[in-house]
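Protein sequence lines, in the order shown, are assigned to chains A and D. Reminder that position 320 of the first sequence reads as 320 in the numbering used here, one-by-one numbering, no gaps. To get the numbering used here, take the position in the second sequence, counting from 1, and add 1000.
Everything labelled a hint here was simulated from the structure, so no lab data went into it. Even glycine gets a Cβ: it sits at the ideal position worked out from N, Cα and C. There could be a bad hint or two in this list.
[To be verified] Part of the chain A face toward chain D, derived, beta carbon under 7 Å:
{"#": "1", "residue": "T144"}
{"#": "2", "residue": "C147"}
{"#": "3", "residue": "D293"}
{"#": "4", "residue": "Q297"}
Listed below are the residues making up each chain.
Protein chains: 2
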Amino acid sequence: MCASNLNSPAQSTTQDFATVFARLKPQMRTLDVYLRGEVAAFEPEIREMADYCIDTSGKRIRPALVFLSGWNGSDQPSPELVRVAAVVELVHLATLVHDDIMDEADMRRSRRTAARQYGPEAAVLLGDALFAHALHLASQFPTTEVCHAVSDSTRKVCAGEIVQTLRRGTTNITREDYFRVIDLKTAELFRISCFLGGKLGGFPVEFVESASHFGRHLGIAYQIYDDLADYFGQEKSIGKTLGTDLLSGKVTLPLLVLLDRLGPDERAVLVDEVLRLREADLPLRLRQMVEFDVFAQVSAEIEAELVKAETALAAYTGLAPVPLLRQLCDTLRAQVGSLAVPPGA
Amino acid sequence: MCASNLNSPAQSTTQDFATVFARLKPQMRTLDVYLRGEVAAFEPEIREMADYCIDTSGKRIRPALVFLSGWNGSDQPSPELVRVAAVVELVHLATLVHDDIMDEADMRRSRRTAARQYGPEAAVLLGDALFAHALHLASQFPTTEVCHAVSDSTRKVCAGEIVQTLRRGTTNITREDYFRVIDLKTAELFRISCFLGGKLGGFPVEFVESASHFGRHLGIAYQIYDDLADYFGQEKSIGKTLGTDLLSGKVTLPLLVLLDRLGPDERAVLVDEVLRLREADLPLRLRQMVEFDVFAQVSAEIEAELVKAETALAAYTGLAPVPLLRQLCDTLRAQVGSLAVPPGA
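Just chain A, with the same shape it has in the complex (with noise of 0.2 Å):
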């Protein structure tokens, strides 16, 4: 499929992931039940807090990556399913909370994040312990086998945030830089859910490395979408501002674009606006975005990176998860898509 195509109103009105999510229903149902009894397991002196974390407002995108690729068929998912399901949502929530506190965000999903609402310090401590209380469910399984993924991925993900964080406010960043950090930071989390997903849902193992694979991909190329929002998004239904990383001095895909593009006397006002020597002057710069025609590369990327994630499951078509996995990946390009709809079409 070429970049062009994504650009069809008529596949973002009709598909986005909610359609996927909503044959998800009756397993996240049964994912927020398990996740408001774990609460009962925290200390009762931090169990409001853990309640307020566990929020189900969140789009669950990682405990459905766990439940399409264990897909026995059945709307029951397995108490293994569910579990591990909990396990990657917990690190990603202690990871949310955590970003937060560097952000100095103070709404996340239309309420206050929490570190707004406890304050930084114990906001860093609770999400030490819904990390902790993660990889708690994850020694409940018969063998250390999800322990040790799931604390190898965490450790990436560390990794890739640290990078990131540290590279802030530098333009010295090639594309390789960026995919190794977007490959840490959000891929292997999609990675490893789809891997335990297939792995718990009893598929043989070339198919668990196959999923694997394909949440790699999937993974970056959300990521790549995401970033992409942040220049492309219509701001009422993404719910934020856009180029907050431009202001932010976060050197993402779209830019690393621009600044190809731009002279050299202008990359050089750029480069200076992502140092913050100088205000950014973000109008021109979205609608230079528009002008040298970023979208279109940047939608490529994605487009290779589903290309690749479809191409991991090919071999197994037959399998109950495989058609689901993949309506993701359109899913995807319906979501991209709709970003190129100029604000108000």
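With chain A held as given, fit chain D onto it using these hints.
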């Protein structure tokens, strides 16, 4: 043993933690080599940072508890003991990295804290990565038992720290509240160190259980000692400023005892100081600590915990670890005793 004989300068010069730990030099060297080797397991981008955090100047009390509880008479610890010593130390180091962010501490052990060296944002994630790697090592044991124990303990440590953080600048704290917090934030990791040391040392389950109790009470005693040293320590030898707990609004046992002893009017003033409604009169509080003999009352509590710790081991005097573990109690007694010596004596 009554509290009064804690006050013996002779003990404090002949016996301190260094004496017991001198026996553990070969084990600690093995641990250091092992930890340095583990740095290579971190992603290349964060290896230098991980290496910085795994410095060798710490007291290594928790690894010592592992080695002593698993002691079989040989100086060459088993690979399992070394690994589990690394696990508990990494968890401890992770909590220190996060503590230093919250306390906005610039220095620890005569060098910059990770938060000061790499910025608080990177330090949050670095602590996470250290913790994740601890769990990764824990998952290398044949069963999930170590993961289970360590993740559960870590959540308790976090819960204790959260409660302590949220209680700063409040005075409606009972002794029970105080003991609950130190049980979680300090005693839990001491307990699990002894538990896992005894377990992996191959000792009978009854002893392992008793070593657990020993570790817990030693941990409570150690934390009370640490809180006492904040008011009675000798600034030079302890290397920190006295009274920092009062200045940061943290109510520990010495302050609880003093609040009990003061008349209503004076108590109201001290309460205001804790609430930070007025500046703390630190010299007055230090004089009152002596005047009302807070030292004797607090050291009696330490002694009570040490007796509980020793009693837990009473049935196992024939086992190799027991004389060494009991020696730790005497060592702590000597350290408490040395606090009673007036500065300059």
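Hints versus structure:
no.: 1; hint: T144; in the structure: holds, 4 Å
no.: 2; hint: C147; in the structure: holds, 4 Å
no.: 3; hint: D293; in the structure: violated, 32 Å
no.: 4; hint: Q297; in the structure: violated, 26 Å
In terms of the numbered hints stated before, the structure departs from hints 3, 4, listed from lowest to highest.
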